[in-house]
Amino acid sequence: MGVGIEVVALNAWYGSNHTLLDINLKIPANEATALIGPSGCGKSTFVRCLNRMHETNPVGKVTGTVRIGPLDIYKDASPVEIRRRVGMVFQRPNPFPTMSIYDNVASGLKLNGFRNRRVLDEVVERSLKNAALWEEVKDDLKKKSGASLSGGQQQRLCIARALAVDPEVLLMDEPASALDPVSTAKIEDLIFELKKQYTIVIVTHNMQQAARVAERTGFFLSGKLVEFDVTHKIFTNPGDKRTEDYITGRFG
Amino acid sequence: MATTPAVYRNSRSNSVTRMVTDHLFTGLAILSTVLVVAPLVAIFCYLLYKGASSLNLAFFTQIPQPVGEPGGGMANAIFGSGLLLAVGSLLGVPVGIASGIFLAEFGRGSALANAVRFTADVLNGVPSIVMGISVYALIVLPQKHFSAFSGGVALGIMMIPTITRTTEEMLATVPNAVREAALGLGVPAWRSVLSITLRTASPGIITGCMLAFARVAGETAPLLFTAFGNNFWSHNLNEPIAALPLQIYIYAISPYDDWHRLAWAGSLVLIVLIVISVALVRFVASRGTLKANN
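Sequence lines, in order, name chains A and B.
Each residue of the first sequence is one higher than the one before, starting from 1130 at the first, in the numbering used here.
Each residue of the second sequence is one higher than the one before, starting from 236 at the first, in the numbering used here.
Rather than coming from a laboratory, the hints here were simulated on the basis of the structure.
Since we're looking at a predicted model, the values are computed, not measured.
Hints should not be assumed to be uniformly reliable.
Partial pick of chain A residues on the chain B-facing surface, computed with a CB cut under 10 angstroms [unchecked claim]:
no.	residue
1	Pro-1187
2	Asn-1223
3	Arg-1290
4	Pro-1296
Computed from the model, here is a short list of chain B residues facing chain A with C-beta under 10 angstroms [as the list claims (entries may be wrong)]:
no.	residue
5	Gly-344
6	Ala-348
7	Ala-416
8	Val-422
Note that CB positions come from ideal geometry on N, CA and C, so glycine has one too.
Chain A on its own, in the form it takes in the complex (with noise of 0.2 angstroms):
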């Protein structure tokens, strides 16, 4: 089960360019949220904020409290379990290109030590038929690179991948900006079907995708959220004149 997430007081920099301002919100557990903003708003830096990547990056630099369910990720545990209990699908495919499609699943599990063969099987069957891609895939799971498959389906293959450790939340970053109408179709039919069993965090460029896809949207400007409340009130009512002529596109 998915789990809410309580954002207080969120910083953000890379050297010295602060990127996201005090950033306060809460997003409920089993439901999808999107993020939308003008490139450069700091929302991919927030999601990366939510599962301590962005201190991968030598300059990153983080202040603030998020909390996880009941875990306080910045103080209660390391980075590499907070990545087990938050997945993550990024902006471009990217499968293991030397792995199989079923070792590509696995990999999650298998690199922490766990080799158990008849979980492993059970585990990577559920997870690619939880992305909808089991069907097309079944029958060269071990026989093809996952790196062969077609960008939609590498997409699919990477929720896969990220749903096979069992996360309890899932962060997307633009995870459809790179495919066509049809894959994008079948991701966000996905993502109804995957927020009943996780919480979902979805930055998107595609405003319909958001509207579409979510029950709550959040709008950044310039490392701030300048909104935040249920999807349906900030596309036909925003109290903000800011999101107003964003979604209008009168700039961005």
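Please build the complex by placing chain B on the supplied structure of chain A, with the hints as guidance.
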């Protein structure tokens, strides 16, 4: 009637020019390829011509005969070369790969990494005879005797810079997205480097190792004051040992015709053994790896 756009009006003469240019450059590319491959083929053919006639079973099973006695072989030198290269690889491959990993993954931009990279480049330029003298001073003199061990160390040190730099370069070609994917799954950094990044870059790294291996396999100078050479069988790392390049050198500068023939045969065997070992490693390494395009 539609008028032809100006760009296409001279299409006939254009296409002729294009065809000529196309053929010209294709021809140049083929010529360059031939120029690159020709010396290798020429050397190999000449070695076959000069050396093949002296090759027989005895060459691979017997040790050298005293001057004037017919026959004899280089069995001890072939074994010696194998032992020296094994010791060299045991030292050079792990140290080279580990320092390459440090340069590419952990030390990026640090002062220590820059120093290591600079040292590796300088080491790569050190003449092999100097490497021999250095190891002579460091190992042979304190031990007061020549040894297979010191020869292996000299070869190993010579392998390090090539392996370090290719490992670094190959790791740098692994997209950052692959590293992030591993970290994002909650895989510890060291594990991600060993199981993901290194594995993704492994074809290039293996090429680097084989390049270094093939290069030192033919080295004579670093062995002159270390492995020294030996006319008899030796399996002992603490004793002087024969090596193919050394034996070829001794036979080639001798005044005897039958020794010259043996030197040619030795050269042929050396090249063939290098080719076989490189091919073998490639074959073993390619098994079980899935290519991205299949």
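Hint-by-hint comparison with the structure:
no.	hint	verdict
1	Pro-1187	holds (8 angstroms)
2	Asn-1223	holds (4 angstroms)
3	Arg-1290	holds (7 angstroms)
4	Pro-1296	holds (9 angstroms)
5	Gly-344	holds (8 angstroms)
6	Ala-348	violated (13 angstroms)
7	Ala-416	holds (4 angstroms)
8	Val-422	holds (5 angstroms)
Going down the numbered hints, you'll see the structure goes against just number 6.
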